[in-house]
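Could you fit the two chains together into a complex? Lean on the hints.
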Amino acid sequence: GEDVEQSLFLSVREGDSSVINCTYTDSSSTYLYWYKQEPGAGLQLLTYIFSNMDMKQDQRLTVLLNKKDKHLSLRIADTQTGDSAIYFCAETYQAGTALIFGKGTTLSMSS
Amino acid sequence: EPEVTQTPSHQVTQMGQEVILRCVPISNHLYFYWYRQILGQKVEFLVSFYNNEISEKSEIFDDQFSVERPDGSNFTLKIRSTKLEDSAMYFCASSRDRTGNTIYFGEGSWLTVV
Chain A
1 GEDVEQSLFL SVREGDSSVI NCTYTDSSST YLYWYKQEPG AGLQLLTYIF SNMDMKQDQR
61 LTVLLNKKDK HLSLRIADTQ TGDSAIYFCA ETYQAGTALI FGKGTTLSMS S
Chain B
1 EPEVTQTPSH QVTQMGQEVI LRCVPISNHL YFYWYRQILG QKVEFLVSFY NNEISEKSEI
61 FDDQFSVERP DGSNFTLKIR STKLEDSAMY FCASSRDRTG NTIYFGEGSW LTVV
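Sequences listed follow chains A and B, in order.
Residue numbering for the first sequence is 1 to 111, as defined by our numbering.
Residue numbering for the second sequence is 1 to 114, as defined by our numbering.
Bound-form chain B, shown alone (with noise of 0.2 Å):
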């Protein structure tokens, strides 16, 4: 069964520094999404992106975050001058199209800030 990949599935990284999480969609999706975790608390949505660009995105998603599809495969999430507040599970999904009942999810990488 196809699946939605992420790397790394941890990182640790130190306040101040930028850190770039990777995802691979699965092959025929359209739809990419960036969700977020914070220990305890809800799954809440960051970003959307479709068709090269962002169709939509929350308030979490400031001018400190950034997301690319660099080469037709990966779907990246720039995360710059990260902040402890900033320690998360950190999920990506795609789905085939808008509807919303085909988003899969990857399992994850988990982002620690010390």
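In isolation and in its complexed conformation, chain A is listed as follows (with noise of 0.2 Å):
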């Protein structure tokens, strides 16, 4: 059935970039998604791509697309203490709106 698979954990030192992969079965995904969870808080839509696009660009967030490989990942330049979260992978189900979601990568600040 349709799966997203992600590394359960990230740790990077404050001001290094971050790279969280994830890979999806569902081919037929119009959009794919990064969310982001606070601790306590509800899951934050931080960016999507569009299923025909390479690559997206939103300030420090870049997202990669490899449609073929059926690869996403997500590259946070600059690192910072409040980048520390779970971040989870998301992708439509059969172009229709349920979204399926990984387990999530959390990601934390080394010394």
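Keep in mind the hints are simulated off the structure, nothing from the lab.
The beta-carbon is built from N, C-alpha and C at its ideal position, and this holds for glycine as well.
Any given hint could turn out to be false.
[What the hints assert, rightly or not] Covered by chain A, according to a simulated footprint, are these stretches of chain B (three or more residues, beta-carbon under 8 Å):
#1 43 to 55
#2 103 to 110
[Said to hold, decoys possible] Pairs of lysine-lysine residues, derived as BS3-like cross-links and limited to a Cα-Cα distance of at most 25 Å, are as follows:
#3 K57(B) with K78(B)
#4 K83(B) with K57(B)
#5 K67(A) with K56(A)
#6 K70(A) with K103(A)
#7 K67(A) with K36(A)
#8 K83(B) with K103(A)
#9 K56(A) with K36(A)
#10 K67(A) with K42(B)
#11 K103(A) with K67(A)
#12 K57(B) with K103(A)
#13 K56(A) with K68(A)
#14 K42(B) with K70(A)
#15 K42(B) with K103(A)
#16 K42(B) with K78(B)
#17 K42(B) with K36(A)
Have a look at this one:
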């Protein structure tokens, strides 16, 4: 069935770039998304990419999409303490409105 | 900035009881959703609702669950005869259209069934 996979943890030093990777299975997804969840908070839409695009840049965020390999990545430049959160990759199910989420990648700062 | 609001933020209920989780979607949105996240697991789609009827639902959304938009502003999820495994964070979301890029989530209602 449809599935979205992500690594569970990523630790980076403040100021470095973070790259969070995701693989998905539904090739009919129209959009792919990155959501951020801070402790005790809801899911915040960070950015999304339309399936016919390869790349989207939005300030410190860069999304790369490799449709052939069904691979999506989120790069956060100059990672700050406030970026510590869980990042969820999501795809739309069969071009509908339901979102299929990954398990989330916990981004933390290392000293 | 407009937001989706959910109540209660946390509810503890006894097994077998009925629970109603409430949501106020963003006012000009037309599509409404419920998702759930069992602790340590993925966020899972339950149901989407448009034009006063269910437009999509997952296998999880069986006869135990129902949704309603009783008064044009609230969107509710009713869980009948709760089980221990219904313990989860339930997220409401809404969107302006069906493209998915305008889906906004509430902060969630944490349900604990004891």
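inquiry  = For K103(A) and K67(A), compute the direct alpha-carbon distance and say whether it is at most 25 Å.
reply    = holds (21 Å)
key: Pair hint K42(B) and K36(A), alpha-carbon separation not exceeding 25 Å   = Holds: K42(B) and K36(A) sit about 14 Å apart, inside 25 Å.
query = Holds or violated: K56(A) with K68(A), Cα cutoff 25 Å?
reply = Roughly 17 Å between the alpha carbons, so the hint for K56(A) and K68(A) holds.
inquiry  = K56(A) and K36(A) were given as a pair; does the straight-line alpha-carbon distance stay at or below 25 Å?
reply    = holds (17 Å)
key: Given hint K103(A) paired with K57(B) - CA-CA distance at most 25 Å   = Answer holds: K57(B) to K103(A) is near 20 Å, not above 25 Å.
Restraint check for K67(A) with K42(B), where alpha carbons must lie at most 25 Å apart = Judged against 25 Å, a Cα distance of about 23 Å means the pair holds.
ask   = How about the region 103 to 110 of chain B: do at least three of its residues have a C-beta closer than 8 Å to a C-beta of chain A?
value = With 6 residues closer than 8 Å to chain A, the region 103 to 110 of chain B meets the three-residue bar; holds.
message = K70(A) and K103(A) were given as a pair; does the straight-line alpha-carbon distance stay at or below 25 Å?
response = holds (17 Å)
inquiry  = Checking one constraint from the list: CA of K57(B) to CA of K78(B), max 25 Å. Satisfied?
reply    = Cα-Cα ~14 Å, so holds.
query = For the pair supplied as a hint, K42(B) and K103(A), is the alpha-carbon distance within the 25 Å limit?
reply = The given pair, whose Cα atoms are some 5 Å apart, holds under the 25 Å limit.
request  = For the pair we were handed, K42(B) and K70(A), check the Cα-Cα distance against 25 Å.
outcome  = Cα-Cα ~19 Å, so holds.
Distance restraint between K83(B) and K103(A), which requires alpha-carbon spacing of 25 Å or less = holds (23 Å)
In the structure shown, no violation is registered for any of the earlier numbered hints.
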